[in-house]
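Colleague: So the chains spell out like this:
Number of protein chains: 2
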Amino acid sequence: MGKVFSDLSVSADGFATGVGQREDAPFGDIDETWLHGWMFEAGEENRAEVDAIVDSGATIMGRNMFGPVRGEWNRDWRGWWGPNPPYHNDVFVLTHYPRDSLEMEGGTTFHFVTDGIHAALERARAVAGDRDISVAGGARTVNQFLAEGLIDELRLHVTACVLGAGERIFDGVPPQRLERVSVRATSLVTHVTYRPLR
Amino acid sequence: MGKVFSDLSVSADGFATGVGQREDAPFGDIDETWLHGWMFEAGEENRAEVDAIVDSGATIMGRNMFGPVRGEWNRDWRGWWGPNPPYHNDVFVLTHYPRDSLEMEGGTTFHFVTDGIHAALERARAVAGDRDISVAGGARTVNQFLAEGLIDELRLHVTACVLGAGERIFDGVPPQRLERVSVRATSLVTHVTYRPLR
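Just so you know, the sequences run in chain order A and B. The opening position of the first sequence corresponds to residue 927 in the working numbering, with each subsequent residue numbered one higher. The opening position of the second sequence corresponds to residue 927 in the working numbering, with each subsequent residue numbered one higher.
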């Protein structure tokens, strides 16, 4: 059985998004390069970490990571990523509003899960086989999984900035010790991998 | 002129203390070894960082770092550190309540500064000469200095735990980019040094 991992780019104060997410600002009112410049401006140097992010047999994400639509699915939103999303596997989107699965190009299919994170994980396991499962974000979704002890490996990509507001890693997660599995510093980011010990 | 630096041991979620500070629990209701075990259990491995913490010509700290007394100085509190505190220089304690300076053994003298962080920094500079000045804590005090752009080097010692509540580094600090000066991982802690760019 594969492990459950999660990758998040966060500021030095732990924020993975700013406030005010909307269609033309998926990460809210921040300069997104502060958080993700390391992937785009220094991709080669961080190749191993970038590749690992999408190396999974199935993906789980929160509804806000999928898109800016709230409430009922009253428009044909198909994700932020265009016709060929970078996941290339089954992506289980957590939502309170049912919707038919959405087949995209390149092997990505979005499924809409209305019965919670445990159900999503079960469905992800069923399709992932022996491969790992990615809990892709956002921070609120990752925190839900952490709080339930469902994450085996949390990979934080810590960037040198202060955001001050937004969605923060570890919010609502009970006090606990972690195991720090690895640290690698490259020019724009510090990669730190933790394993929860509970 | 020396630089102004600050060292803080923090959890992975950025807390430098728990809640509920009191005389028999200087860091509140947490297992203090989670935050400071790296100094005591693995001191040799972290010798450079431990030595650097007290390598200053003057020290500034918040009143809560000095002690649990609140309001007027209605008892003869002389700090958490016994008769010979580890500072061995002039320590400027930020408080709203005047008190005579307090000479301890080993060269430490506590001065009580009632006119704010800029005044404290000026007095520290006057005695430090060319040496560096340490803003020793707690997090709330460090955040005040950060918010005013007065810290040249912030050295975070990030430990593998989640605390979930307490005083947190960067709270109230305006959004900004930082320069990450260095990263060094030892067995119990990740030392990360930032330089604010404002």
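Hints were generated in silico from the structure; no laboratory data involved. Values in this document were obtained by computation on a predicted structure and should not be read as measured data. From the three backbone atoms N, C-alpha and C, an ideal C-beta is built for every residue, glycine too. Among the clues, some could well be false.
To be verified - Here are some, though not all, of the chain A residues that point toward chain B, as calculated from beta-carbon distances under 8 Å: (1) Trp1006; (2) Gly1008; (3) Pro1009; (4) Ile1043; (5) Pro1101.
To be verified - Listed next, the stretches of chain B that the computed footprint assigns to chain A, with coverage defined by at least 3 CB atoms under 8 Å from CB atoms of chain A: (6) 959 to 969; (7) 1101 to 1112.
Colleague: Determine for every hint whether it applies to the structure shown.
Modeller: Tested hints:
1. Trp1006: Since chain B brings no Cβ nearer than about 23 Å to A/Trp1006, farther than 8 Å, the hint is violated.
2. Gly1008: violated, 30 Å
3. Pro1009: Violated: closest Cβ of chain B sits about 34 Å from A/Pro1009, beyond 8 Å.
4. Ile1043: violated, 19 Å
5. Pro1101: holds, 5 Å
6. 959 to 969: violated (count 1)
7. 1101 to 1112: Check passed, 8 qualifying residues.
Going through the hint list in order, the structure does not satisfy hints 1, 2, 3, 4, 6.
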